[in-house]
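S.K.: Heads up: the sequence lines are chains A and B, in that order.
FYI, in my numbering the residues of the first sequence are 27 to 363.
FYI, in my numbering the residues of the second sequence are 27 to 363.
Treat each hint with caution, since some may be false.
Heads up, the list lumps identical chains together, so a pair's fine if it works in one copy or across two of them.
[Said to hold, decoys possible] Think about it this way: if two alpha-carbon atoms lie no more than 30 angstroms apart in a straight line, the pair counts; the simulated DSS-like pairs of lysine-lysine are:
no.	residue 1	residue 2
1	Lys-269	Lys-330
2	Lys-40	Lys-269
3	Lys-298	Lys-330
4	Lys-298	Lys-193
Think of the hints as simulated: they come from the structure by calculation, not from any bench.
What you are looking at is a predicted structure, and each value in this text was computed from that prediction instead of being measured.
Number of protein chains: 2
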Amino acid sequence: MIIDCHGHYTTAPKALEGWRARQVQALEARLAPPAPTDLSITDDELRESLENAQLRLQRERGTDLTIFSPRAMAMAHHIGTARTSEAWTRLCNDMIHRVCTLYPRSFAPVCQLPQSPGVPPANCIPELERCVRERGFIGCNLNPDPSGGYWKDPPLTDRWWYPLYEKMVELDVPAMVHVSASCNPCFHATGAHYINGDTTAFMQFLTSDLFRDFPTLKFIIPHGGGAVPYHWGRYRGIAQDMKRPPLGELLLKNVFFDTCVYHQPGIDLLLKVIPVENILFASEMVGAVRGIDPQNGFHFDDTKRYIDAAPGLTAQDRFQIYEGNARRVFSRLKLPA
Amino acid sequence: MIIDCHGHYTTAPKALEGWRARQVQALEARLAPPAPTDLSITDDELRESLENAQLRLQRERGTDLTIFSPRAMAMAHHIGTARTSEAWTRLCNDMIHRVCTLYPRSFAPVCQLPQSPGVPPANCIPELERCVRERGFIGCNLNPDPSGGYWKDPPLTDRWWYPLYEKMVELDVPAMVHVSASCNPCFHATGAHYINGDTTAFMQFLTSDLFRDFPTLKFIIPHGGGAVPYHWGRYRGIAQDMKRPPLGELLLKNVFFDTCVYHQPGIDLLLKVIPVENILFASEMVGAVRGIDPQNGFHFDDTKRYIDAAPGLTAQDRFQIYEGNARRVFSRLKLPA
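Start from the sequences, fold in the hints, and give me the full structure.
M.R.: Okay, structure coming up:
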């Protein structure tokens, strides 16, 4: 079985985006926001949005299940207040729930959180509980920068975040650390802000004792871990200079990397420096890069090809990367018989 | 000949730091700042600061010349006003000039710039001219984020920066894009802010027509290009999705990467994906990582070992990386006979 641990619902019916646009307009005009019931999307529309996109690509590429969450770019936690974020988040999560109910063998649900800049992350607990306990979600996406490129909230290792972590541990759900859109003109979203977010989060973990406080807390750092594997020697060296424990001991029981790296040499490096048990297969399709690589004629984000072609992996290694690690990290994942 | 294109004067005599501390204290107390003449460092003190540090390491590692600039972390452009920055910058640059005058075969000078958040970069022109025309400097370090981790100034591709670029082109000097300290608690300086700065700058270049406006402008992106080579497929794909020209055409005539990547797999990847003519040897010693890698018994930042051990390089490739490219990019570099 091949589990893709990182897919966003980037192809949702336009009506969802339309609702969000009305919500933002109402906010700007200081009018009453649209009601959740103002959004009407049929099951057929959901099916149509997936059949020729994620489901077709799953079939073509030979992957089985996508761990599926709302579009990361659209989380846009910086817009409006915590109430704005909450209303939008519930709507997006409910859409994921419907998709996973329609296609329980193809998608497993991960939720976005109603984060808002300057608002304690404890405010995300009710939505996390609703999603996990009532609707079978198996994880969440956590935005380390709800301000959208200005990095105004405390680092992920600050006690500011601890109430949410306590709930994650209690529910036994991991978080993928994933920024959203950038409203800072310095940062291109998918080309800079995403990758910087990954690198930043890793370095926050490296300098803290977060995992002494939460030995079972689990994070996936997407996009192949940002810059981290490429600079693995730098990170080993910085940790050593700071008299921190070796990285394996310090954080590799808690921090995992996905395989959203869109060329063979990048994947080869990832597999060479990061232990196999810390790598989860992912493609982020349909996502940041949609074209075909003229160098080989395949989609840049068809990451399964790179892993299949990577030298030196045993059958057991591949099983871990494609399935075993995802089942361990997303321990609530249960597939229908 | 082996040219290390990226070294900072991290071992300068303590008196320099002391002067800066008095400058900052005066600023906070709203008193008159110290005068440049309040700093007294003898030539012997300069020699001593280098003999057992950069010069010893050059000899031990078999490198010849370091392109040498003030300590990046200490530029701290976010402190005080443009006048604060200017006074500190002149002092730091003069120190580099003295070092290069004492050791003309071992060091070639690169200046910091008196940037200040919110102040047009045109204000850096007089100091750049002074350094290049009067004191033989061959390049400058350009901070893409003078705010120190809040990214408040426009992207490097904004016209805001153009007057400085016009002067760089006129003087034929390249800039290394190098952030300074981070005062944002989210960003560890050498582990996150540095690497993020590199990735961010590259993506700014990718999305702009800067090099159509300045066909001879040259930038070095340090730390192996941040996350860029590891995600080279992502960047090729994003450029293609945006209907930009291929990266080679779009920016590789103008953008170069150094080799400050502190493990063999990282260097191997860099050499595999980035054309040889765009790679300049560098170690950043004495810098971000000072320890010895327990995996091989050598210093993490002894990057020459990785390049010497990299497979598939021809003698001509090595010449380019170690010397030829640096001479081309730093075209004002002239060594004493």
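S.K.: Each hint: holds or not?
M.R.: Hint-by-hint comparison with the structure:
| no. | hint | in the structure |
| --- | --- | --- |
| 1 | Lys-269 - Lys-330 | between (38 angstroms within a copy, 26 angstroms between copies) |
| 2 | Lys-40 - Lys-269 | between (52 angstroms within a copy, 24 angstroms between copies) |
| 3 | Lys-298 - Lys-330 | both (16 angstroms within a copy, 21 angstroms between copies) |
| 4 | Lys-298 - Lys-193 | neither (34 angstroms within a copy, 44 angstroms between copies) |
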